[in-house]
Amino acid sequence: MSDRQIDEGELHALVDGELDPARQAEVEAWLSENPDAAGRVARYRAQNAGLHALFDDVLDEDLPPVVTDALAGRRQWLPRGAAIAAGFALLISGAVAGWVARGEMPIGGGEAVQTAAAAPVIDTQELMVRAAMAHVVNSDEDLRLATTGSTEDMGRYISTRMGEKVRVPQLTSLGYRLVGSRVLPDTGGPAAQFVFEDADGERISLYVRTEAARGLEITFALADDLSMFYWNDSKHSYALVRDLEDESGRDALLKAAKAVYRQIAE
Amino acid sequence: MSTDNKRELLIAEIPRLRRYAIALLRDRAAADDLVQDVVLRGLDRLHLWRDGTNMRTWLFTIMHNLHANDMRRLSRTVDNQPLEGAALSRGTPPEQEAAVELSQLADAIAGLPVPQRQVLLLVGLEGFSYAEAAETLDVPVGTVMSRLSRTREELRRTLDGDNVSQIRRIK
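Protein sequences appear in the order of chains W and V. If you're matching positions, the first sequence starts at 1 in the numbering used here and goes up one per residue. If you're matching positions, the second sequence starts at 1001 in the numbering used here and goes up one per residue.
It is possible that part of the hints are untrue.
Which bits of chain V does chain W cover? Going by a derived footprint, with three or more residues having C-beta under 8 Å, they are [unchecked claim]:
#, region
1, 1008-1020
2, 1028-1037
3, 1051-1057
4, 1111-1125
5, 1146-1157
Hints are computed from structural coordinates only; laboratory data are not their basis. Note that this is a predicted model, so its numbers are computed, not measured. Ideal Cβ positions, reconstructed from N, Cα and C, are used throughout, including at glycine.
Generate coordinates for the entire structure from the input sequences, incorporating the hints supplied.
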């Protein structure tokens, strides 16, 4: 018998096979003289056996259609994207009074400008929905992938397809590497999307729409699965999107949005 | 490893993902929707999965994160639905002296807070090590252990308590 006391945690570790063999033997020896504790261990084991009895049948079932469909192709992302778009649409209906006003962020260190009273001069709903859809479906197959040092290449490619000069933002100082870009159809002509990835593989995407507009500060919007900052300059509207995260994720996204703004505002 | 091989590894985990999702959510349709999302996201991010790391914990982590998002969304829209025992699969009772009554166990699990249910199911049903469960749930190993012992002990008291009252009633 060991001098060491047996604690409750070790009874569970015994059940779960987490003890080394020597300690396991000690605990088992101790249990043989402590019927109360041995009874509890038996009950814990019975709970595990009960879980298997309840749920193991699932392992032998055929996969349901929703899952086999998912395996068959990536198109299944679309309904999800549509749901997100609907989420944004709902949000936007209250946006002028709510999020736009609340989300104003001064860019240059000046005073926050309340633009809520003035009607937004860009079609924010269209921008958000298109940016959200583009963000949700951005797998490597969809993108023209960036290789090291190809930022200028990427800029030329996008500029040619957009029919105007588009600058590629650099976010490496914030820990984001450019993954790739693509051109997407949009109502005002082609739109561009740039996709970045951080060290953890988390992706953020920048959607750039041709839309003559003025005066919208960087604004925060939120849907069920995504968060987004959007703004505009004289020629384009922009939305920077990432999967919904906590406050720190939002702060990181705002930093990136400001960096993009400074680099490519016109 | 080729993309095809990674894909095969992912597919091999789907039955376990379903078992866990059904046990966690107690609603087959919701569980299959969640598994669908995990499969889609897993396939989409397969290039991020590193060779030699654990595909199972990687996928369960994705499921955990998606489920957490769903919970946030649900908490904004509807109150928690009562969990229905009818959605469960019923197997053969274990041939053990200390066998627990399955329907009682199912009900008792349904009454557990989600974080306790997650730990109980990952370790007790899925056979995750404490370290794997901690990684999946993004909590310290000590938290896994304390949640697990609290949960099992609560379950034991609930189940034994019921037995006692039944015996008294018979007498």
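Practice problem: Return the numbers of the hints above that this structure violates; sort them in rising order. | Solution: 3
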